[in-house]
Amino acid sequence: MNGWNFPVNFDGMLSQVLEIVVALALAPLLTGWVNQWRAWLQNKSAPGLLQPYRVLHKLFNKDSVVADHASPLFRAVPYIVFGCMTLASSIIPTLSTDLPLAPAADAIALVGLFALARVFISLAAMDIGTSFGSMGSRREMLIGFLAEPALLMVLFSASLISRSTSLTTIVDTLAHRELAIYPGLAFAGVAFVMVSLAENARVPIDNPATHLELTMIHEALILEYSGRHLALLEWAASLKLFAYSCVGLALFFPWGVAEAHAPLALLLALPALVAKLAAGGMALAWLETLSAKMRIFRVPEFLAGAFLLAVIGLLVHILLAVR
Amino acid sequence: MTQLLNPAGWMRVDWVLAVVVAWLLIGIAGIFALRRFTFVSRVLFPAGGVLAVVLFGVSLSSIFAASQTAVLPIGLPTLPFHLRLDALASFFLAVIGAVAAGISIFAAGYFRKAEGTPPGLLCLEYHVFLASMALVVLADDAYAFMVMWETMALSSYFLVTANHRVGEVRRAGYLYLTMARIGAIAILLCFGVLQANTGDYTFANMRAQNLTPFWASTAFLLALFGFGAKAGLLPLHVWLPEAHPAAPSPVSAMMSAVMLKTAIYGMLRVSFDLLHVQFWWWGALLLALGLATALFGVVFAAVQVDMKRLLAYSSIENIGLLFAAIGLALVFSSYGMKALAALALTAALYHVAAHAFFKSLLFLSTGCVLHATAERSLGKLGGLIRYMPWVAWVTLIAVLASAGLPPFAGFVSEWLLLQSFLFTPGLPDPLLNMLIPVVAALIALVAALAGYTMVKFFGVIFLGQPREEKLSQAHDAGFWERIGMLWLLLGCLALGLLPVQFIQIIDPVTQQLVAAGLGRTVAASGWLLVPVTVERASYGPVIFLLGVAASFALAFLVVRGFYHGRLRRAPAWDCGFPWQTARMQDTAEGFGQPIRQIFEPFFVMHRELPTPFDARPRYSVVVEDHFWAWVYLPVVALANRIGRLVGLLQQGRISVYLLYSFVTLIAMLVVVKR
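First to last, the protein sequences are chains Y and G.
Start counting the first sequence at 847; every next residue gets the next number (this note's numbering).
Start counting the second sequence at 5; every next residue gets the next number (this note's numbering).
Read the hints as simulated data drawn from the structure, not as lab findings.
No residue lacks a Cβ here, since even glycine has one placed at the ideal position from N, Cα and C.
Some clues are possibly wrong.
Which residues of chain Y face chain G? A partial, calculated answer using Cβ under 8 Å [as the list claims (entries may be wrong)]: (1) Asn855; (2) Phe856; (3) Asp857; (4) Asn907; (5) Asp909; (6) Leu947; (7) Ile954; (8) Gly958; (9) Ser968; (10) Ser977; (11) Met987; (12) Leu1136; (13) Met1140; (14) Leu1161.
The following residues of chain Y were derived to be distant from chain G, with all beta-carbon distances above 12 Å [stated by the list, open to error]: (15) Leu872; (16) Asn881; (17) Phe1099; (18) Ala1121; (19) Ser1137.
Just chain Y, same shape as in the assembly (with noise of 0.2 Å):
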């Protein structure tokens, strides 16, 4: 009955402790690099690159006002949801698949993670009583019961191909096939970009941009909060960002990651995250540049595609493994 069921190494506490610092403190860049070739993509001029840091910065430093009958939960959930974020950037192999972490929570595991943090902001925005606030925790459940699942499923079209849930396994065999081509996971990764564009409050769904009263939704959660608590969830949804470009990074791109026992690669390993991230920003502006936000009514119709093309891309594999 040893705890942990494999030795815990100095390494692998390297590429943990690291990759939690990485998720840390690039989040904000990633979010920042989006936002500038947006508005670059836009003609307009742009933030500069470290705009999210001063941001959080000024809100840390800001008093928090808090309504005069918000609950003890409503002080609760920014710790709540930003710690959930951070459990998940450090299970998600982005740097090395050494990760002394990554088995207490697999794929489903994470997929629960996000559902416990977008319970508790849900909740959060209840407590207050607002108008705003119920209908932003509506919306936001309405999204999440839809992508959630459809999340699982592409999930599990990796962990079919690798016969594992286990976060790490996926993409320690995803990164040494020989160049097989998935057809199931083409399917999964269109219905991935769907789900992360509406996970992530981006364009077509939501917009992070807007506080136009009707159409939002994660600012409709967020409108109660100020200062520090601001602060953190803003932080939080940056790792939330971070987090699903490393899963589709890991998914569908999983090469240059470090595996165990390799110290130098994990060196080699940051550049490679980098250049993948910049690559994945600057596609995530080009697409929300291209496209037009949606109504909320048809946002359901959205998602359903999302979770039917993920569940295809199930079949098709399954289709062409049994043959």
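Based on these hints, arrange chain G on the given structure of chain Y.
Quick look at chain G alone, frame taken from chain Y:
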């Protein structure tokens, strides 16, 4: 006789019987103290709770022991009760004991004076209900099983109609009793088929029979109908959302958390223990029915506006998931894939325990809310976290467990179930292989919708601003209620955080049913839940919780350390809108609106919309289910028609009746003579 008086020589099955007898004695004591409220609530109910703890302890230890039998010489001279305490029975007894302990202690503080039935009578009905559930699980012949099954149905009927002065409650009770009767007939017929004309109704004899595929399938289908009616499987679910809200909250908790599980027990007993052969289509049928039930239940739960009805529909959803898991286990078992069958069965049994704990907790918390506010409608609640914080926080844990979120109880079973789907490819039947991803997708959808429903449940009751003036007078739970809920909460948390230890307990049960278990694999990896190997899948709820908690604490300390902890209170911002009132929050109808729209074909909706010219605008939505029109009303119409035909015989003249008896006698003689 001397042996009876010496507890040191008792076997475990004797201890279980002693608890049952003591429960019955408490019930009888209740009759003698019919209206002595304090005695009943402060002495009898807690005593019943302590006995339940004893039952829990005894049955927990007997899961790992060899099975024991006993014969009780009651009933007809040649027809004694056969009892048997094996691993499967012990597991369900342990669940009954553990949950009943919490509910009994809660009930000590819950029942109030002057609520319909006198307290002593309630005490009798309640303890007879408990005793009969324990004996149903213990029964080892069809006779004892049916007698106890019927006692269970009757005692719970009386409990449901505790508030019998309300017409609605009487109607709900009648519907419940009808469905219970119909189900019982099917179970009786099932046993009749299983004993294969030997005339011996013991389970031991049924195990020894080798039925032909046709008769085995007949028995299985009869069991599915009978136990499905008790559990609330899809077309037979209608009684559940009526009966559960009508009953007092501890009774709803008991029915939903424990009584529904006796149906699951019966299903497992018949399909894995009494029948030797299994066919893949049995499993496929269970899987399909279970999934349909689960989806139906959760979609309806999401649109409910009555908090107890919402929970009742959520129970239907969970029963659906349980049946789906059992179906999957049957499919695996029919192909001889023992390990996978054990995995699916472990998921089912884990969910039995998890659902028993979190659902009883949720029902009890609605009981607290009901007492504090006298309001069951979600549209008139809100903001209770400020007036009853204790209940609110306990409910939050139960809500998270019910939504299947890690690291809480509901997630473990869901995780195990999804794992068993992922390991499926490799079934010999390609068609089944193809269906598996669709099924997994549906389960994921149901789980996500459960999250939606639970956010609605908790958010509308406990968060936001109170929608009525009187809610600010609401009081928190009393002493006994808190003790009972704490016990259940501990069980709920332990189930979420210690899956490895609980799977050890489930292992002997799956060993008994499918001759395989997860126990050894799981024990090898310590705190990490690893069903096969760590490369394939693993989940460590304790590490998970510690991870979130550690980053919570670190973030908190770092923010305080580097910046500050200043806080200012101000009116809500709400985009600068100053005339915000409690009426502007989402109502329960509003929160259910997206579901009503997306799943429109599921519902029969009657909507009353105001026009701009209405002097008194009114908006109302009534949501009903199709099965009334599809199944029940035609059956009722048929029964009425037959009744009218039979009524033609009824002439009201004595000579005609004498003629009938004469003709009948002649006919009988002719038959006998031949």
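Hints, one by one, checked against the model:
1. Asn855: violated (15 Å)
2. Phe856: Given a least distance of 19 Å, the restraint on Y/Phe856 is violated.
3. Asp857: Violated - the Cβ of Y/Asp857 stays beyond 8 Å from chain G, reaching only about 18 Å at its closest.
4. Asn907: The hint holds - Y/Asn907 has a Cβ within 8 Å of chain G, the shortest such distance being about 6 Å.
5. Asp909: Because about 5 Å separates Y/Asp909 from the closest Cβ in chain G, which is inside the 8 Å limit, the hint holds.
6. Leu947: With Cβ-Cβ at 6 Å, under 8 Å, it holds.
7. Ile954: Check passed: Cβ of Y/Ile954 comes within 5 Å of chain G, closer than 8 Å.
8. Gly958: holds (4 Å)
9. Ser968: holds (5 Å)
10. Ser977: holds (4 Å)
11. Met987: holds (5 Å)
12. Leu1136: Not OK, violated: Y/Leu1136 not within 8 Å of chain G, min 27 Å.
13. Met1140: violated (15 Å)
14. Leu1161: holds (6 Å)
15. Leu872: holds (17 Å)
16. Asn881: holds (23 Å)
17. Phe1099: Correct as stated: the minimum Cβ-Cβ distance to chain G is 22 Å, above 12 Å.
18. Ala1121: Label holds. Min Cβ-Cβ 28 Å, cutoff 12 Å.
19. Ser1137: Consistent with the label, Y/Ser1137 stays out of reach of chain G, its closest Cβ about 22 Å off (over 12 Å).
In summary, the structure is inconsistent with hints 1, 2, 3, 12, 13 from the numbered list given earlier, while agreeing with the others.
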